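S.K.: Residue numbers (our numbering), protein chains in the order written: chain V, 1 to 174; chain Y, 1 to 332.
In short, the hints are calculated from the structure, not lab data. In this text, all values refer to a predicted model and were calculated from it rather than measured experimentally. Virtual Cβ for every residue (Gly too), placed ideally from N, Cα, C. Check before you lean on any hint, since a few could be wrong.
To be verified - Footprint (simulated), chain Y over chain V, 3 or more residues, beta carbon under 8 Å: (1) 17 to 28; (2) 36 to 47; (3) 154 to 164.
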Amino acid sequence: MDRGQARAFEAFAAESGAELLRIATLLTSDEHLAEDVYQETLQRLAARWSRVDNPRAFCRRVMHNIVIDQVRARARRPREQRLSAEQDSTDPRSADSYGAVELRPALFAALDSLTPQQRAVVVLRYFDDRSEAEVAQLLGVSAGTVKSAASRGMAQLRVHPGLAAIFSTSGSAL
Amino acid sequence: MPATDEDILRDLMRRCTDGLHPPASVAPAVAARQRRRHLRHRAFSVAATGAALGAAAGVALAAAPRQAGQPGTGGAPAIRLTAAQRTLYKLSATAARQAPGPGRYVVMREIQDNYVKISVIDSVTGDVWTYQHGAGVPAELPVDRHGSPTQAEFKALPTSPAALRALLIAQYDQQQKAGQEAMAAQVAKAVKAAKGALREKLRERLRESLRAVPVPLSDDDKVFEQASDMLWNPLVGPRLRSALLKVLAATPGVMVSTHARDDRGRPAVEISRVESKTGVVLATYEAPATVTVLEQTDTYPPSYSGGHTSVGRDLYLSITRAGAVPPNPYAG
């Protein structure tokens, strides 16, 4: 990475950093872990900066891979207590209909109940607004797999105790 | 109000992550670190090729007679030495007295930000093994074949300060040119392979890369950057290390602090310089008794890295020699 590339890299991070961190947070349910994932993603991007045609797609793919690795590593050691999971999420509608702070533990707990692939698909499809084909390409799976993962993921979220009330009271067609 | 469950989820995910921003220092620090690695690799790859060495040395030798004795050229030392120069000449003499270690493999333990890294360099072939330990980094990287110049290749470099200075400048220019050509070729290849809107985007990027003018460093900037990069490599022998310090002694703008300490608190001689065009501060911390590198830092001023001062830091814990490639202590 020469000086010009370093500037371009920093400009990209300044422009896309918040979006990437939000995706990492949704993939991990942990802001601190998400920052680590974000940093590691940038490191991998920086190492390949001159060879990456689409940094945004690259970052999403890398973040997914890092999170998958972490999930596997975590599966080999005792589960840690997550502070956010201990917070009260019994009434997600308490503060206001979409009180973000109150809903965050509920959302994270619901996302935690998905498989890593379902979770990545849901985040990329509905937060990142990627098409099924784009998600398939990013994750290296077929469009059919994306479709079914999105559908099963959504079904799981609908019945999750933390979010069920939101979905059932919003008037959506279930 | 959102209409479908997907819309509700989308809205929920956005609201729950709204206001999250990464620390502003992360990207500049990553870029600085990558730049340091790039410089190292560049010093490895370009210096390692016999052709490059030959071409650069040719320039060096041709340029040497014209430049010898001129101020700032690394020629004969000035009659009245500054304190910084006296320290550097003293370090140069100390370096010349050091004996290269007996083992074929150099084992370097270092800290790069939040992880420990061990590099094993084969002094005969230049192959490099890398072991790592820390969050989110692989325990081992693939062996980088001829990733470093060999000890013999370093030994073949000129040790006359004037010739060495000219070589460092020529090497810098050659590396810049090669880097730009490689980048343009890479983008051109991508343009050829792409279709539709992406193709247009890449074409624009190619035009930008062709228009890009590299930061015009002065010869003294180039010399300091190249010399400090070379000092890092433990395969650089006593004579070349001694000559590099003499070159630095004759380079304007070099600052020396004899009572510095590295990031671990070890006593060190700090050799630093502010780049004239960019304000970037490059610093090398040398152990006074052995003239081995303890630490290297790049400090980027706020104007250079998005409003924040950022520091790239490589901290060397130990440099030893071994008769065989040690196993990866972090494997498994």
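S.K.: Provide an ascending list of the numbers of those earlier hints which the structure does not satisfy.
M.R.: Those not satisfied: there are none.
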